[in-house]
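Asker: Listed here are the chains, written in short residue letters.
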Amino acid sequence: MTNSAGNSAVLGVAQLPMRTRLPETTYADLLGQAASKAVADAGLDLDQIDGLLLAQAPTTTLGVDEPQYWGIAGLPGADKFLGRVHVAAASGLTALRLAAAHVKSGRLRNVLIVAADLADEAASLRGALGAMHDPFTSGQAPINAITAAALQTSYYMATHKASERTMASVAVKNRGNGALNPFAQLRKPVTVDEVIESPVLSWPIRRLDSSPRTSGAAAIVVGRAGDVGPKRAVRIAGYGAFSGARSIGAQMVPGASSYLDGSDLTEAARRAYADADIADPTAEIGMAEVYASFGIFELLSIEGLGLCGSGEAAPRIAAGEFQRTAPLPVNPSGGATCGNPISASGLVRIAEAVTQLRGEAGERQVELKAPRAIVTATGGLFQTHEVGVLEA
Amino acid sequence: MKAAIAGGAYRIERQFAAGMEPVIRQIVRAALETSRLSLADIEMVVTVASDTLDGMMVPVRAELAGALGKNYLNVPSSAGHALSAAAAAIEAGDAKSVLVVGWGAASKLAHADGRANQFDPFYMRPVGATPELIAALQERVLASSGVLTEDDIASFEARMANIAREDAQGDALGAHGFCDGVAAIVLRRAADETSGAIIADHATASRSHNPLDGSFDPAGWVREALTGFASARPKKPLSQGFIEVSGPTSWAELRGIAGAVEAGYVDCSAASANSTGGGAAAWFGPATGIRALARLHGRMDRTTPDRGLFVDLAGPLGQHVTGMLIERSGA
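Which chain is which? The protein sequence lines are A and B, in order.
Sequential numbering of the first sequence, starting at 19, is according to this note's numbering.
Sequential numbering of the second sequence, starting at 1279, is according to this note's numbering.
I should point out that these hints are in silico values taken from the structure, not numbers from a laboratory.
Values in this document were obtained by computation on a predicted structure and should not be read as measured data.
Heads up, some of the hints might be wrong.
As the list claims (entries may be wrong) - So these bits of chain A aren't anywhere near chain B, every CB distance computed over 12 Å:
1) Arg225
2) Pro333
3) Glu339
What the hints assert, rightly or not - Simulated crosslink set (DMTMM-like; lysine to aspartate or glutamate; CA at most 20 Å straight-line):
4) B:Lys1348 with A:Asp279
5) B:Lys1386 with A:Asp83
6) A:Lys387 with A:Glu302
7) B:Lys1514 with B:Glu1540
8) B:Lys1348 with B:Glu1321
9) B:Lys1374 with B:Glu1311
10) A:Lys55 with A:Asp68
11) B:Lys1348 with A:Glu285
12) B:Lys1513 with B:Asp1545
As the list claims (entries may be wrong) - Looking from chain A toward chain B, a few residues come up when the C-beta cut is under 8 Å (computed):
13) Val82
14) Asp83
15) Leu100
16) Ala106
17) Leu116
18) Ala119
19) His120
20) Phe260
21) Ser261
22) Gly262
23) Gln401
Each residue gets a CB set at the ideal place from its N, CA and C atoms; glycine is no exception.
Generate the whole structure from the sequences, applying the supplied hints.
Answerer: Structure, rendered in structure tokens:
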């Protein structure tokens, strides 16, 4: 699967400001706004979109099952709907893979991908997400996204002798970055002390280490690299995916410890790097936007992507590496810590990376040592991994 | 590089007594056996599992379908969308072999139709919209416009129901043909497959649940989908060809067949169409169309026509259309 991304590129991106509640906005409104902005960003007319993908998951937060039946109404390309993709929070990147396949196969020219979440429509987001778990195994245990991440975090701290203060540096970095991002939901910087003193959700996860409940939307247009000006098209240089085990318990035993050490993500990254002909990611990658609804996800992602060794990410962030002004910035947008519309989170990562690679990020623009960005998305409880490499 | 269907399998029953999981595993194994491949040969897995009829978390779906460690995609919107995604992945060079697995437990719709939750909460739900009401409205519109008669529907429904009963091994299916079902298809690069059926072309057409042009007739959407084929329309209709349409209702399937005839792709009567039994007579959700294709593949041999059409109609009105031009390998 070498250079499978071929000539496909991201031609246009859009995201809407993320907020806790958008009480006067419907799901269909959000999709329509994001879609029209992305098509305009690509410099295309609406009727030039000849394929549409809806990256929507989970639907529990909407109170509407099979949302494609009304969500696509009036969207560009809706008459050539290619389907809804639902791989939980990984949906944005799986949809990117699918759109690129349609473009590379020559069947379609410009595919629009849209996603939106109205998280405030569910009475309890944690309860709604908990309903996704297998009722016969995980449902019988006190497992939800927070307690599962707490397990990973405590293992990381014990294994690598990382203190709570060191772990808190991830949230401090990201909240500082988010202060410069006009799309971010949380734009107030925080200190290590504030993170440590924030309420414990499930030790050692604290409120400021966790992503907020977010409503928002994003959209991208995938087409051929030659179809817009060279400065605006961002080539999809490669991608890799890895679908993990159904139960996180199966990934916490000797020889199969990917839930604790991120090795499934490492395999997805290996596939993406092979696809993009990248031999040394630390030298050939300019920045990364990784899906991290908790600080531990970012640490395991940085290590799993091969940007540093095992157990090094936390102390290196605390020492100033992977910051917005560092040679290899990670989550210069502030990441999911500053806003996490789950369905759209993968597309937000792509939109941010494309904006940076184009040099259009304004106040939050980073200096890129190489014109390539990694984007990741993760589905389930850090179980299904998608890695993409974008190139200006 | 075009995609070819290397194998397929399916199973339908009124209700799977032991639940969905063992049947999914059984059908995946059976589909691989008919394609003479092992799971290790599969590079990508695509599932079709409706949120309404499933309730499984994504990693559970993925592992049940055999996706552990592989590229994985879940396309819950329709069998046609998932099959197109798989075919496009092969055409693009992303994968050499793709397993498409779909399932649904429509038996749970016997007493309360949870699909009502699919409708627009601001307009449709307050007026009491349910899939049954929408289908009745669509039938009424089609009948009053003269494109269907009750006799057309009755004879077609009876033939489809007979095939469904045969597939369910005599099991009486639920109201409206609701049943539990699992179906799987294995796609490979056409160059690697000598005995299968090639997906020579595929295209989609869609409307939202409330068609903005006011039309309720699937024939028009099928005609529109077929104009999206990259290959040229045959100079003459495929008079010896087959046409298999899987849809949410029998009248949607009948109009789908009419659309393919009107588009000039096939020349046949409703009586000779849908040898697979379509989808409405044994419906288990958006994945239902995979059963029709798996059955078609299992029956394709030297005595069957060389070319034909498979059309999947998903959605309450059958308004999400996928058309596929199927050719027998070596034809």
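Asker: Evaluate each hint against the coordinates.
Answerer: Verification of the supplied hints:
1. Arg225: The claim stands: Arg225 of chain A keeps its Cβ more than 12 Å from every Cβ of chain B (closest is about 25 Å).
2. Pro333: 31 Å, holds
3. Glu339: The claim holds: Glu339 of chain A sits with its nearest Cβ about 31 Å from chain B, beyond 12 Å.
4. B:Lys1348 with A:Asp279: Roughly 19 Å separates the two Cα atoms, so the pair holds.
5. B:Lys1386 with A:Asp83: The hint holds at about 15 Å.
6. A:Lys387 with A:Glu302: 8 Å, holds
7. B:Lys1514 with B:Glu1540: Within the cut-off at roughly 12 Å; holds.
8. B:Lys1348 with B:Glu1321: 6 Å, holds
9. B:Lys1374 with B:Glu1311: Holds - the C-alpha atoms of Glu1311 of chain B and Lys1374 of chain B are around 17 Å apart, at most 20 Å.
10. A:Lys55 with A:Asp68: 16 Å, holds
11. B:Lys1348 with A:Glu285: Answer holds: Lys1348 of chain B to Glu285 of chain A is near 10 Å, not above 20 Å.
12. B:Lys1513 with B:Asp1545: Given that 20 Å is the threshold and the Cα spacing comes to 12 Å, the pair holds.
13. Val82: OK, holds: Val82 of chain A within 8 Å of chain B, min 6 Å.
14. Asp83: Constraint on Asp83 of chain A satisfied, holds at 4 Å.
15. Leu100: Nearest chain B Cβ about 6 Å off; hint holds.
16. Ala106: 5 Å, holds
17. Leu116: 5 Å, holds
18. Ala119: For Ala119 of chain A, the interface hint holds, since the closest Cβ of chain B sits about 4 Å away, which is under 8 Å.
19. His120: 5 Å, holds
20. Phe260: 6 Å, holds
21. Ser261: Ser261 of chain A check passes; min Cβ-Cβ to chain B is 4 Å, inside 8 Å.
22. Gly262: 6 Å, holds
23. Gln401: Where the cut-off is 8 Å and the nearest Cβ of chain B is about 4 Å from Gln401 of chain A, the hint holds.
Every hint from the earlier list agrees with this structure, and none is contradicted.
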